[in-house]
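Chemist: Chains A and B supply the protein sequences, listed in that same order.
Plus 55 on top of the position in the first sequence (first one is 1) and you've got this note's numbering.
Plus 55 on top of the position in the second sequence (first one is 1) and you've got this note's numbering.
Since the hints were derived computationally from the structure, they do not count as laboratory data.
A few of these clues could be false.
Pairs count within a copy or across copies, as identical chains cannot be separated in the list.
[Said to hold, decoys possible] Straight-line C-alpha distance at most 30 Å; calculated DSS-like pairs for lysine-lysine:
hint, residue 1, residue 2
1, Lys174, Lys137
2, Lys167, Lys197
3, Lys197, Lys123
4, Lys81, Lys94
5, Lys137, Lys81
6, Lys174, Lys210
7, Lys123, Lys174
8, Lys137, Lys167
9, Lys174, Lys94
10, Lys167, Lys148
11, Lys197, Lys94
12, Lys123, Lys94
13, Lys75, Lys63
14, Lys210, Lys81
15, Lys123, Lys63
Protein chains: 2
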Amino acid sequence: MKRDYISKNVIRRLPRYVRKLDDLAKAGIERISSGEMGKQMGLTPSQIRQDFSCFGEFGQQGYGYNVKALREEICNILGINKRYSVILIGVGKIGQSLIENFDFARFGYDFKCAFEIRKELVGQEIAGYPILDRDIQDAYIKENNIDIAILSVGKEAAQRVANTLVDSGIKGIWNFTDVDIEVSDPSVIVENIHFSDSLLVLGYFMNSRDMENEE
Amino acid sequence: MKRDYISKNVIRRLPRYVRKLDDLAKAGIERISSGEMGKQMGLTPSQIRQDFSCFGEFGQQGYGYNVKALREEICNILGINKRYSVILIGVGKIGQSLIENFDFARFGYDFKCAFEIRKELVGQEIAGYPILDRDIQDAYIKENNIDIAILSVGKEAAQRVANTLVDSGIKGIWNFTDVDIEVSDPSVIVENIHFSDSLLVLGYFMNSRDMENEE
Chain A
56 MKRDYISKNV IRRLPRYVRK LDDLAKAGIE RISSGEMGKQ MGLTPSQIRQ DFSCFGEFGQ
116 QGYGYNVKAL REEICNILGI NKRYSVILIG VGKIGQSLIE NFDFARFGYD FKCAFEIRKE
176 LVGQEIAGYP ILDRDIQDAY IKENNIDIAI LSVGKEAAQR VANTLVDSGI KGIWNFTDVD
236 IEVSDPSVIV ENIHFSDSLL VLGYFMNSRD MENEE
Chain B
56 MKRDYISKNV IRRLPRYVRK LDDLAKAGIE RISSGEMGKQ MGLTPSQIRQ DFSCFGEFGQ
116 QGYGYNVKAL REEICNILGI NKRYSVILIG VGKIGQSLIE NFDFARFGYD FKCAFEIRKE
176 LVGQEIAGYP ILDRDIQDAY IKENNIDIAI LSVGKEAAQR VANTLVDSGI KGIWNFTDVD
236 IEVSDPSVIV ENIHFSDSLL VLGYFMNSRD MENEE
């Protein structure tokens, strides 16, 4: 099935729905109306109905959404049932922190191992996951048909390492380098964590509020 | 001056414009049309013109945008000239990595120091910045009129520490805990880095591509 074009804004809201539905389930809530959900999330009911209508019919007019069923539907849309395999390239502090703290399994991802260029770290483990030598990274990706690489190397190495990942047949790159990398194969998906974008947005809202107060 | 309502999508694109304009300036480009900029950023020319029109008149019909002037205008909108002061709470791996790698000054922020609860780290430095005792955090924020706190404590402490920050008079929280914190003072701005949202979006696009290929 080919999906019709769906706006990036809708897609970026899907993980927020998953988090909200997790909270609702935890609180023992089984059904929720688009109105109540919108109120809790700062969205209009019609926006919520429109978002879900991109993917088919989820709710029943007048009955609201079944929290558990809706979560499952959204997880299917997000590919959580696919159990994509994940490796990490570059065991710096961010990389270490992700391995130790990020719950890959909870979101349906299968974290495998990390690769590092510093020989003194190779052979060690982080949170039970092995640190392997970058020399065998290429062969490992091909042999194990790895889906996603987390790129957390230094800025200066970012593009070069991304090239080797694409050549090895990686299908997605989760990019923590704060460098806008380019991929020669357009079918490789790149998702960036841009720390600076987030801080600048915080600054925007603080500045806007200051301007209002100065009136 | 009170700003009219501006959509979050426009606001979230502003940092991307800054990065693009930085790249253009580095490449020696002085002027750019909305058409060319749109092509490079995957946006339509009219979207770009509309985005900027939210903040006044920046370009000149037929002449395009002056790269340097446009960057300055956007930086003003983002409050980069305000030199907001920043402290970090919780010197875990993410916190350490931010202090060592994030160029606060480049984006107009004034990073001051970090606070930590583990006494053995107090008195040490990271990248030249002191690690202070969490016991004096409250007094420090008040005395130095600190604007922004980076929250990088453990999940279980996130809400409690956020409460103390709000009580101390902090104006913005950059939240790395992956917990949706609540603030009792609605004037406090919270900006979240949600790693999981980003990974799920990557999974969405990979899943969509797989579904197309399976046709």
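Chemist: Now look at each hint and say whether the structure bears it out.
Modeler: Hints versus structure:
| no. | hint | in the structure |
| --- | --- | --- |
| 1 | Lys174 - Lys137 | neither (33 Å within a copy, 44 Å between copies) |
| 2 | Lys167 - Lys197 | within (14 Å within a copy, 46 Å between copies) |
| 3 | Lys197 - Lys123 | neither (37 Å within a copy, 45 Å between copies) |
| 4 | Lys81 - Lys94 | within (18 Å within a copy, 45 Å between copies) |
| 5 | Lys137 - Lys81 | within (24 Å within a copy, 41 Å between copies) |
| 6 | Lys174 - Lys210 | within (20 Å within a copy, 33 Å between copies) |
| 7 | Lys123 - Lys174 | neither (47 Å within a copy, 44 Å between copies) |
| 8 | Lys137 - Lys167 | within (15 Å within a copy, 44 Å between copies) |
| 9 | Lys174 - Lys94 | neither (53 Å within a copy, 43 Å between copies) |
| 10 | Lys167 - Lys148 | both (18 Å within a copy, 21 Å between copies) |
| 11 | Lys197 - Lys94 | neither (47 Å within a copy, 34 Å between copies) |
| 12 | Lys123 - Lys94 | within (19 Å within a copy, 41 Å between copies) |
| 13 | Lys75 - Lys63 | both (19 Å within a copy, 19 Å between copies) |
| 14 | Lys210 - Lys81 | between (40 Å within a copy, 17 Å between copies) |
| 15 | Lys123 - Lys63 | both (24 Å within a copy, 29 Å between copies) |
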